[in-house]
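S.K.: Letter by letter, the chains look like this.
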Amino acid sequence: MVGFLQVLAAMLKRRLILLFTLALAVALILAVRLYQLQVVQARMWKDRARSFSYRHLVIPSIRGAIVDRQGRFLALEQPCNNLAIDYQAMNRDYVWITRQAIDELKDDHLTRAQIIARLPATRKQIAARLRRLPIAIARHCHLPLAKVLETLDIIRKRMAFLRQDIWTLRYGHDKNVRADVSPADRQQDVDLALTQGLNLLEAHEAHTVVPDISDKVAFYFQKHSRRYPGLVVVPSQHRVYPFNSVAAQVIGTTRQVTAAALRKNPFVLPRLVPGSLRDTRGKLKGYLPGDNMGAFGVEYAAENLLRPTRGVELIRLDGKQVPQDYRAPIPGRTVRLTLDIKLQQQLQRSMLNPQTHLLYFHGEMHRAAVVVLSVRTNRVLVMLSLPTYNLNRYHHDFSRLIADTQLPLMNRAISSAYPPGSIVKPLEAAYALTVGVIEPNTVLNCGAYLLPGHPNIFRNWTYPVAPGPLNLVAALEQSCDTYFYQVGMKLGLKRLVEGYRAFGLGSATGIGLHEETSGYLPPAQPHRSQFRITDWAIMMGIGQGPMAVTPLQMANAYTAMLRGGVWMQPQIIEQLHRPPPRLFHLNRPDLSAVRRGMYLVVHGPNGTAPVLRMGLPVAGKTGTAQTAERIDIDGKVTIKKGDDAWFVGCVPANQPKYVLAAIVEMGGDGGRRAGPIVKNCIQLMQQRGYLPQAATP
Amino acid sequence: MTDSPKTDSSPTPLNPDALRPARVIHRRTNDSSSIVLRLWNRLLPRLLGTRIAWVLLGSILLLCAISLAAVRVSSPTLARVQEIHIGIGLIVLVLAVAPAYRHIGRYTYAFLAFTLLLLLAVLKAPAVNGSHRWFILPGGINFQPSELAKIAFVMSVAWYLRLHKDVQGLSRLVVPFLLMLLPMGLILIESDLGTALLFPLALYAMLVAAGARLRHLVAIALIALSVAPGCYPLLKPYQKQRIISMFVESKPTSGELHGNLYQQRQSEIAEGSGGLAGQGLRGAAQIRNGLLPESANDFIFAVIATQWGFLGALGILILYVVFFGACLEIAGSTADPFGRIMVVGLGSMLMMQTMINIAMTTGIIPVVGITLPFLSYGGSAIAAYMLATGLILNVAVRNRRAL
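Going down the list, the protein sequences come from chains X and E. Residue 61 is where the first sequence starts when you use this note's numbering, and the numbers rise one by one after that. Residue -7 is where the second sequence starts when you use this note's numbering, and the numbers rise one by one after that.
A hint or two may mislead.
Interface residues of chain X toward chain E, partial, derived using beta-carbon atoms under 8 Å [to be verified]:
#1 Val99
#2 Gln101
#3 Pro582
Source of the hints: derived by calculation from the structure; they are not laboratory data. In this text the structure is predicted, and so the values were computed from the model without any measurement. Cβ coordinates follow ideal geometry from the N, Cα and C atoms, glycine included.
Construct all of the structure, not just a fragment, from the sequences and the given hints.
M.R.: If you want it as structure tokens, here you go:
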């Protein structure tokens, strides 16, 4: 105190007091600023600083499996070896190279002086080897160099993604930082920040360049590890499809995440606060560049179930790395399909066998689709589309598959619409009976052609033979076209279209697979001339004209009819919820006439499908649908005009449990070409215990 | 008051020439072998008797101790080197106290000329971090001539003003401003804006202490400030960037994070996260984890503020104020104009550097690359500050007016 007074006394006489006051004033300003920073705003700054003492460790997880109704794996992750590259090596990081060079020289048991002397040369060597790495990878893994370089680029993007996450954690508070800065500038910022302390753990890890390398290649790279610095073989897993080509279009496969999915559902790290990992499930389930996602089929449709959730561990960077918080990774759910893959496999085998002549006629394989639906639950037991391809070689064969004019990638059961032909007749009959346009005993003349004096239009398929007057049952048995021309005409276009719509034709069934097409039905009241409308009604009476259906839609319409007017959404993925059944009015007592007709199609003396006579009574309907030629974008005719062969069967005939729909593209006669396929399928179902060997009384 | 140390010298028992006239003794003091003896026998009693000198010495020694702790947080290796720096610095301090300051004063223009030569030479030295500020001496020592130039400049201005006690006329101000412009210009050329800024500030402090008319000083300052914006185009791009980013801080662009403001932002985070009482070891861990790169140099204050919080930071501020107060007290109790003006100059030079550094780390002003005296890591800097402290102590122990 005395000293201070002395100071004051001494300075009062001079101008030093002025200097001291100025210094004090400045010190006061600084003190106020410090108070503002450290006391008033302390909480905010502490939040920001946390990212420097805590860090997330991202724990990988695995994608869910797909199994069939009996739990057989259709798609699963299997262990494999991946060829990975160290991120620092990939970027030819100077420090990394130096460390590598020192390690290498130490391995040679050199003295310190020798190491120092040889270091620059060794460093140069290693850098040169790193430069050659992509070429070496491409050569030994038999990949194009461009592909390898592209993969490396994806790894860089992945890192940028994670960096941006941490960046947002630190500086996201500044609203303007995100809003104002262009993406390019942001990237520059992030790159800069990385060099200035934003050091990611992932930057010191190895990233996969070539997944699933063979043991031979893995051994080669491990043996010559010195020649390929930075390359490591890491155990990993990859997607395997044990049933190769069976139900390939249904199961689908995976691909690298698309830019759109990445934008819509990105992986976001939770806040860097202990206890905050609880409520971030959705973000941890997001995608990182390079992740896999479903490409099509069930893999895509059930992506939300299959996609795994990454785990996160929060560690404090105090040297001990003790986890502060932990969230376990959640593997993707196992998706159960209603398919019986063994049944489908056997069916596919017998169809693809040229000896059986199910698909091979005159040495040429026809394209075909088969759908089997259970009547009670409306679940899909078989969904077959031929030709098919090996899912495990999908990416390898992709360029060939996409160029194939047979369109093996297309799931014909749901994404191809065909003219239905005669198979609509039972549906039409059921609806006409309900409306009251005809009675079960209504007899109409089944002539060789509909309009007197016009033998060239609206012909019966028996032309020039005229079967004569027939009742409904007989008309179904013989598939009389003129009878149903007249039914169509009686119903009129509006009611006919409404009827078909009630059965679910013309709109997607909503089975959950995104490839499904809706088929086509004209609007009930089109702006067309009266003649055209009648024209359409007549044509649609026999399933021709402006309408197209998928095999699944057709099978589904039959199950709806057999349940007596209860439309249900068909199901293939068990976990997907279905809307409640939709009821529509069908006159149930009259349906027995329709079923009688369908029974006689197989068992009647004039039936169109006697080929299906077997121990178990089968009902059904044949269809031989005239198909227009298909023209590709170059104007070239890819598929010539012809007849699609249909058969839709119900077994057992007295109490249908299953509906089977089969189509052979350009097969010709429905009974002779599609019928045997259905018969084969029924036999296989009998073998597997789905159906009894003979009718139960 | 007499101005000779000879008068109050007492013969030592070891001195064979004890009975000789004082003049002879004085000559012998120039003999380096007897400097320690002289210090031991004659200065120590005086030093012990000078309470304010102990306050000064105490404050800087405390700062040095804190420096070691803070540098250790940043890097234990650097802390070990810093120990050596401080050791050498203390030797420099003792050496600077030993000879009477007015004898040193005689060589002050020569000293200035020498440092100007060094400043010229350093422009030819290889650039470090884009500017020519350092000589890289063998053994990895970085030597910064501008540190010496600051002291030489203060001493020469003080030496000039000692004869012109009344600097009332404007014409008397010409030489001091010339003495300032020479080293300052060279330092500006080597693109060390922060250090150059200290020169006019220190000059003003000295002129105020010497008794120049405040009216003149204010007028000159106003003219200089009005001319200053015209100098803006002369600045280096990165310096412009710093000034711009300072004004657009509320709306940060990508420029914010390109190095200059990045450091400042990180420093604010570090200081702010210190809170009232500091984060202790956890704060140290954060800094080591990359919160504050290069934390041992210009931004050492943030390290202390993180670890010891607002209270610690305030303590540091108070230590510097005590240091400056002690300097002013010494100046106030020194009648000799050379000593007085030199002490004011050196003290305010260090104090202003401190203020600017802290203002920079707390985000009040743009980043100018200057260190925090006594706390920041650095060999030549510590030596220079110790030299300055030694000179202040030299004045304190030699020229005390009876109160």
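S.K.: Quick check: which numbered hints come out false for this structure?
M.R.: 3
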